[in-house]
Structures are given as C-alpha cells and as structure tokens.
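S.K.: In case you want the letters, here they are:
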Amino acid sequence: MMQTTPKPTREKRRHTPKADLSNLYQRAFREAFLKLDPRIMIKNPIMFVVLVGTMITALLTVNPALFGSYEGGNSYLFNGLVTLILLFTLLFANFAEAVAEGRGKAQADALRSTKSDSIARRILNDGSLENVNSTNLRRGDRIQVIAGDMIPADGEVLEGVASVDESAITGESAPVLKEPGSDVASSVTGGTRIISDELIIQITSDPGQGFIDRMIALVEGAQRSKTPNEIALTVLLAVLTLVFLIVVATLPPIANYINSPVSITILVALLVALIPTTIGGLLSAIGIAGMDRVAQFNVVATSGRAVEACGDINTLVLDKTGTITLGNRLAEEFIPVNGHTAEEVAAIALAASIFDNTPEGKSIVRLAEKMGATLSFNPETAEGVEFSARTRMSGTDLSNGGEIRKGAVDAIRGFVRSRGGQPPNDLQSAYEGVSQMGGTPLAVCEDREIYGVIYLKDIIKTGIRERFDQLRRMGVRTVMLTGDNRITAAVIAKEAGVDDFIAEATPEDKIQVIQSEQAQGKLVAMTGDGTNDAPALAQANVGVAMNSGTQAAKEAANMVDLDSDPTKLIDLVTIGKQLLITRGALTTFSLANDIAKYFAIIPAMFASAGIGDLNVMGLQSPQSAVLSALIYNALIIPALIPLALKGVKFRPLTANQLLQRNILIYGLGGVIAPFIAIKVIDVALLFIGLA
Amino acid sequence: MLQGFFQIVLFMVILVAIAPLFGRYMAIVFLGQKTWLDPVITPIERLILNGSGVLSAKSMTGRQYIQAVLISNLMMMVFVLAIFLLQNRLPLNPTELNAPSWDLALHTVISFTTNTDQQHYSGETTYSYFSQMGGLGFLMFTSAATGIAVAIAFIRGLTGKPLGNFYTDLIVSITRILLPISIVGAIALLIAGVPETLAGPAQITTLEGANQTIALGPVAHFEIIKQLGENGGGFFGINSAHPFENPNNFTNLLETIIMLVIPAGLIITYGILADNPKQGWLIFWMVFILYAILIFITAWGEFQGNPLVNNILGESQPNLEGKEVRFGPALTALWAVSTTGTMCGAVNGMHDSLMPTGGFATLSNLFLQIIWGGQGTGTAYLFVFLILTIFLTGLMVGRTPEFLGRKIEKREIVLASIILLVHPIAILIPAAIALAFPETLSGISNPGFHGISQVVYEYASAAANNGSGFEGLLDNTLWWNLSASFSLLAGRYIPIMALIFLADSVARKQPVPETTGTLRTDTPLFTTVTAGAIVILGALTFLPVLALGPVAEAFNLIPTL
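Residue numbers (UniProt numbering), protein chains in the order written: chain F, 1 to 691; chain G, 1 to 561.
Check the hints yourself; a few may be wrong.
[To be verified] What follows is a list of derived Cβ distance ranges for each label pair:
| no. | chain 1 | residue 1 | chain 2 | residue 2 | range |
| --- | --- | --- | --- | --- | --- |
| 1 | G | 528 | F | 676 | 19 to 25 Å |
| 2 | F | 37 | G | 293 | 30 to 36 Å |
| 3 | F | 52 | G | 296 | 41 to 47 Å |
| 4 | G | 511 | F | 651 | 23 to 29 Å |
| 5 | G | 214 | F | 672 | 36 to 42 Å |
Think of the hints as simulated: they come from the structure by calculation, not from any bench. C-beta atoms are modelled at their ideal positions from N, C-alpha and C, and glycine is treated no differently.
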C-alpha cells in the first residue's frame, strides 16, 4: 500500500521548510532605504520624529542661516555630519526591521511555494466530478484527490485510505497514513501531497483561511497586529517622545534669555539623543523575530497575543501519556487472582487483545505469546470490541457468545457484576500492587470471571523532571491529567515532579480543571489532539493542538505544533517570556542611556553658560561632544540587532532573581556603557580630525 | 554647623516616630473602625451628612467620583470668588480693603481651591479678615480634604476595592483628621505666642517716637491648617517668616512637622489598607532617603555661604540673606526642602535667597512632587511612578506586569503617561513664553540664570500645587495671574482625573494569583529600581532647565567648584 520512496536521512529539524536566506542582508539593505518613505515612517512615531529632524538638518546643511545665523565653526560640515548620522540612525532602524521581516518573508515564500494554485476535482451533489481552481473551493465542498495530487486545502477525510507526504509543513519525510473516522488520521492539510491511493475529502476552510495561510501571515508579519503589551509600551514611548519634544522645543526662548542661543541643528541632535530611538528602532524587529522563533520551533501560532500569553501562563495542564510518559506503555507482567495461574491470565489477555492495534495491545500480545499462550478460537469468527472513553475497556466477542474484556479495573468490576459475577477479593491488592509501582493495571475477564491483572509499565520521559522544576521556578504550576487510577497517578506524578494531578480523568474533567483554575484568575495552557479536547483547547488561554490531531482540535487551539510534541509548551513559555524580557530590557537600556547623552550634549550646548564642569567625560569640543553622542545613538541600534532578533537569553530563575540580573545588565549597564562609548568615539573623532 | 546638624537629625527622628502614628490613625478612619473620638465626632458628622443628604450615598464609579470632585470644587470657587469681589460690602474688614482686581481674585481662588496657595498678594493689605477666614480658611480645609479623599479612593482602587464616596470621604477627612488636629495645634500656637484676634491693626509708638501700624488678625487657627493641609497661603505676605505666624523655635518645629505628617503618614496608611505594611515602609524609607539627600544638599550650600560675600569679608560665613536669624541656615534649609517637597508652599525664609544648591533642591522637589508630595496627591503620584516601574521591570522578568495582583495594561499606562505629560506642558511651555517676552511679560527682578529659576519656579510651584514663590517676581499682573491659573488647574485636575480613572480601571480587574514568577514589589531591590525610575522619568525631563538655572548659577558663582 505504501510506496517505497527513498527516504532522505532525517536531521534535527528546526527551520522547516527550509527558508531561502541568501541575499537576506542585501534585500534588507534595499528595504532600509525604501522604508524611509514618510508614509511608512509615520507608523513609528519615534523614528518619524528622527526623520523630521533629519529633514531639518538637511535643509540647514544646504543653508545654515535658514532659521537665523549662529556663530560657530564650519556649520556646513557640522550640519552635514549631523544629517548623515541621523540618516544612518534611520537606516539602521529600518534595517533591523527589514532583516526580521526578511527572515519571516523567506519562510513565508518557502511555505507559499507549496501552495501553488491547482485544479481540484469537486464532487457535485449528483456524484459527478467537476474541475475547479483550488482557490474557488469553499468550506463544506467535497473533493477527490488521487496519488500525486497536491491536497488543495485543509480538510477531513470522508472516504479512502491513503498515504500523504506532509514534509512540506512538518519536515517529517515519512509519509503519514490518512483514513476516515479516526481521530488522529482523518485530517489533512492543504499543501501536502497524497502519494498513494485516493481520498474523498471534505474541505474545512475557506481560501486564505487555511493552516498554511495563517502561518504565512504570521511569519511575514505583514498584518501583524500588535499585542497588548506592545501597545502599552508604544504608548509609553510615544509619551516620552512627546515629553522630550516639549523639553527641546521650549529650550530656545530660555537659552536666548541668557544670551546663549542654540543652533537648530544642536536642538535636533539633543532631541534625537533623548527620545528612545534605540527601543523605538528595534521594537518591531523584536516582535517579528519573536513570531519567527515560534515558527522555528515548528509551531504555528494564530496570533502574537497567544505567544505573549505563553509567558504569563500560571498553570500547565498536561496529558500524562505522550507528554510526561512515553506514549507507549508496555505490558510487563501478568498477575493472576482468585487462584488462576499467570499462564491462564496470559491466554485471556491474548484473547482480549487480538483485535487491539494500539501499542499497548500489541505489547500484551507479544508478552502473552512469549509466555506460550495461544488462541483457543478462530479470530475470523470472533469480533473485536473497540475501546471507548466511556466504557474504558475493550475486548473480543466470541462466536459462542463468550465475552472477553480487558480494561480499567473498576470498569471490569462493573462488567463482571453486570454479568452476575463477583469480583475476587485479591483483585484489589493486585491492583494496588501495580499502581504503587506507577504502572497501569488492566483487569482481564471472561464473562463473569476475572482472571488477573496486566501490569502495563509506564516510562517517564528522561529530563521531564528537570523541565518541571524549571517551570516551578518560573512560577508555573503543572497539572497532570490521566485516565489512570489515583494510586498510579500519584506515583507517576511524584516521579515526574508535577505539582498536581487528576486521576481517572474524563475529557470533561479537562475543561473543568481549566475553568476552576481560570476562576482563580490564572492563565492556563494545555495541549490536546482529540476532537473531545476541542472545547478544552478553546477554553484554555493557550491551547496547543498537535498537528497529528483532529481538525476540530486544531481549529479550537490558538497554536498548532507541527512536530506533535506536547512538551513543546514548555519551550513556548520560554519564548513568550523572552519576547517580553527583550522589550523590557532594551527599553530600560534605552532610557538609562539618556543620562550619559545629557552629560555629553548639555554642556556642549550651553558652552557659553559656564557649565563646562558638567562635561564629566572630558569631551574635546562641543562639536565633537554632539557628534559622539549622536554616533553612539546611531551605532547602538545595529549593535543590538542580534540581541533583538535572538532575544535576551531567558533563564529559569524567580522573578526577583531575573530582575536583579537584568537590571544590573540593562539598567546599570545602560547608565555606564554610553559614558565609555561616547568617550571612545570622541577620541576617535579627535584622531580623524573631526573633533 | 554642628548645632544645625543636630537640629536636623533630631527633627528626622521626631518625624519617623510621629508620621506612622498619623498613618495608622488615618487607616483606622478610612477603614471605618472605632476611635476614642467617636462620641464627640459621630453626632457632628451625622448632622452634616444628614443635612446634606449624602450619608446614604453609595460608593461611586470613577466617572461619578470625578464629577463630584469637579462640581464641588467649582462650587467652592464660585462661592469664594463672590466673597472676594464683595469683600468691601462684607463684615470683618477693619482696614476697609477694596475688592481685589478680578484676575487676582480669580488666581487666588483657583490657587487655594487647588491646595496650592500661590499668592500674588500680601494678605494683610489685600484681603479682609472675612475673606481670609470665610474664604481662604474654608478652602484650606476643603482642598486638603479633597486631596486626602482622592488619595484614599486611589489606594482603594489599587487594592481592588470600590472607590468609596467622595462626599463622605471629604467630610470624614475634615471632621476626623484636619479639624481635631487643627484645634489642638491652634491652641498650641496660641500658647506659643501666635495672635488670634478680630481687632484691627495695632497702632504703636516706637521708642524713637515714630508711629507704626502692626497688622494683626485671626492668625493662629489660620496658621495651623495652612501647615497641616499643606496649603501654605500665609496670613501675612512673608508667610511663616513673619514673627506673628511663626514666632519661635517651638512654633517652627511644630509647623515643620505638621506639614509632613499627613503625606508621610499616608504612605504608611497605604501599607495598612493594602495589607502590605512592608511595602508601605519600603516606600516610606525610599522617600525619606531622597528627602534627606535634598536637605543635605540645601543645608550644605547654606553653610558654605556665598563665596562672593565671603571673599569680601575674608571669612567663611553661612548664607544668611533672606533668613530669619531666629531659625538660622539649618532650620531654613530644612523648612525649604520640606515645604517644596510636601507641596505646602509656606516659607520661613526667602527661597530666592537660597544658594543655587537650595534652588536646585527646591526645584527638583517641585518637579518630582513625590518627596512626601502633596496632600494625598503626592502619595498617588508615588504610585504612578511605581506603576511605570512595574511596567518596565515586569516586562524584564517576562510577564505581563502586575501590581497588587492586578495586571497593568494599556489603559493604565495611558493614564499614568498623561500624568507624566502634565508637568512639561504646565511648566515648560508657559515658562518659555514668559522668557520669550521678558520685557512685556516676565517682570523678572533678577536677570540671567537666576531669572530663569524665578520664572520656572513660579510655574513649577503652580503646576505642582505647591504655592511657594521664589519671590522677587512681579507677579500680580494679568499675564502671571492667568498663566499661573492655567498651570494650577492643569496641575491639579488632570492628574486627579487620570488617577481616579486609573484606580477605577484597576479595581475592575480580576486579581491574578501570586506565584514565584510574579515580581514582588515589596523588596528593597524593587524599591531601589523605583527610585532610579523616579529620577530618570521625573527629573531627566527638567535637566536642561536645571542646568541653565541653578546649576549654571552655581558654576558661575563658585568658579573653583
């Protein structure tokens, strides 16, 4: 059924599909100039003020006496230099944004290339086929795809079994089996390719609303809506800009009063130095880069808001299986009860599991066969009973009317009672024995007789405990949800180091846990994949659906993890925090820089007022002081671009430790660094004769 | 100098001992708990509240609270303005004063209603006893009570409680805080020699046989609320430098301490109301340290004396210009920093004559408005800075910033930012206009750097609702009366509106539980960072003006510094 295509060796996936990053800098360089357009600049009030300042000094370069004449040295040269430095300040800021956008665009282009328009075969009501352009498909349409076709849009498989290559979005090269009805395998994603057989698919998204479209929109950052924190910060920065605008605009009359007039060029220089250009120039780059980081982790987020919310999470609700423990529990031992032997238990367990295709079921079959158990009936004549979340058991119905079941111990107890049997007394101790080892006990029975308990061993993922410790230090509480009984759940919870657990959980419990946490004002994140997870995913503040999950789950979630790795939520928390920290740190740095800039420019500005002693840096001349401060102001932007794009490194410390650390680096550092840098630039200017 | 040092230290000790008592008492009052004053006060309150029909009034929304503040303040202004303009037809006018000009009356009314008490006049030659007692005295109580009510509503909102009822808080502030303390204080002043009489000026024949007219009046009761309510509007033109307002060292101590107790105590009140006394104390000490630094700077400057004078004398003398010899440099410096820090604005010496370091300290106080701060509003401004610091530091630890378990979001930042904007607009813009037309407008008596300080000080004093004057300015003109009125109103009501909306918005938020990921705001580290943010956000704005005013003056005065 599956084609044997040569599989490329798998590598550690990060940036998938591979984005074309060549020419990134050349393109960003060009963009930096194009972005000087005032209509674009006005979106960033801080840099717009710089643009206006640049225009004024440019005019003064052409005609220094435009706004009245001032005594002083070569004002053509000086005004020209200031104009040049301001221009570079603008270009650097634009460049930072362009690089961030460029990375996103490259990734978007790579994604878009998977999304060429194609012809789809729509199934009409009378059953006939009609060729339509894929962009004309609407939600609810049914289409047929056959081997070799590109699946044109997100959808749900109605009929057929086929393998699909999803490498375009997940980077996973092994084909995935798709079939209807199953929770996990029935959803297909637009842009993936069917490589065998054929499928009938019901389209679940309108054009432009699909999965890939959302991802493209996000990484491109084109219609990136600002997050609440970003808006609040922009407001604060705009107000500070306005404050400094008033400060500078009111200076000339005051300076004139003491007969110490100031040239317009120096006023513009002071204004640009004081307004928070560093953070203003990097703010949008930080935001775009944050989204890009999410995409690099192979997660599709529907909004930046969701990513930021990750940083605020108080409670993580996690499924035990697949997240905390390896998904596959393995049968370890058969424990007989009521005088039966282990061999008898093995035979019944084998009979109960012969139709069970889950890894657990297969491991039971393997263990039973190893112990020499054989089937006492012809499987062709028997019928499998599927597991359901409600009955919590599965098994086999024999042609002679015999009913063999395995399942949660109390479910089997109920089953036996309903058939008129009595659960044996030693069942409880067998059940507790397994539970206390952290295993999952499954009881097996034939009709009204319970034979024993299967010990399914749960394996806790390595390193998960450390991650939960980290989360705890960040103030995130973890709650484990599991269908296991209380004792097993408690053992696993203790071993894995989660803060709380809910045993014997039903899907409805999930939403209840989330609601009760939210009622206390907490923000809750969870992962899920099944259709019955959808309401909980929608209820959670951050819902991460697995890409292998159902369409319903993906639509309810605000993020989709393409790798289907539930532990990734922990990375997302880090990314969310990192985004905020980077903004906060650079804002603090930018504001702290003002002190040094004041000490450079104010004494230079009012040299005639006799406040030369304020020139604590001992800068060579007023001209060199102003130029040095401005050059520092311009150069600090490209110097911080890598930090803005990469984000401030997040350490799992408590809030107070983090503050201590960051305030030392970006607060105190922001006060001291410019004093040194400006002095160095001043010396350099002296060296090249511009001082 | 050593004696001065001990005077200041002793004063500080008394302050630290007394302010928390007042803070605790105010907390009890606003928590509605029993006090031993109840048997006396409750019947009086019931009478007032029943009579005015607000006793049953429920807690107000932000909008209602602001409406109540604005409407009641406007009514008071109209009422007192009428008294002023009709004072020649009203009783208690022994010196038969005429009605003041409309613009001076307007400025005075606005100035006293906003708890500023900036005076473009001398009380004894402008306003009758009736105007002073019935008009100004009335406003001194209500404006101080308005400030306390707003601060309490603000603290309630921050801690997630309903804002309360403005009228109830206003009346309770008067009946339970301002009035009882004033009665005791006025009697103490009376005993110490401050006059309280309705008789006209005394006619005296001096030893040389010359005739002298000595102004008298109902000073003692006026004086105590002037200090306690941080009003600062003196009965006499030269305020607490006048021997009938502040005759000796005892009255000076009482008057200095009484102007600090409410703003300093309110910080402790906050700690109690927020159920976090530790944070209250940390903020208290932060402000205390800033306060001590400014006192040191000022006193040091005064003790150094004026180098120009000292060079001529050939000896080192402290600067005694513009000081009352009975207080000396230390107590004048202490008073100057306290009065500008608390927005009281009363003076016991001429700030115009302070050394540039004193000019720097007093101006910085006016710009920051939080080194104890105004009656009520100062405490609220402290929290605005705290909120801005929380916003920046909250981001730095990777969480949406929270204060007292409530998220600080766009709306709160917008409102806090508005408060940041008020000062540049209300101080720098009118100062620039005044300095642009020095001949027509300014009336500056000192040219050069000192002139800049004079003009900036006038508007800073108005916008910060302080009311003290650098003096020397010829300020009873149409321009100064109206432009200062603009700064007074902008500096008072815009922040009050923003504060109440901010508190209202915070109060409506769902509280967020505290985790180890939450940034604690009651730590020395956070408090230190707040102090840094206050200096950067609050003072950096005014650095150019300070550089051209007192700093330039200092460098030019002391070339060897």
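S.K.: Work down the list of hints and note, for each, if the structure agrees.
M.R.: Verification of the hints:
1. G:528 / F:676: 19 to 25 Å: 23 Å, holds
2. F:37 / G:293: 30 to 36 Å: 49 Å, violated
3. F:52 / G:296: 41 to 47 Å: Cβ of residue 52 of chain F to Cβ of residue 296 of chain G: about 43 Å, so the range 41 to 47 Å holds.
4. G:511 / F:651: 23 to 29 Å: Distance hint for residue 511 of chain G, residue 651 of chain F holds at roughly 28 Å.
5. G:214 / F:672: 36 to 42 Å: 60 Å, violated
Of the numbered hints stated above, those contradicted by the structure are hints 2 and 5, listed in ascending order.
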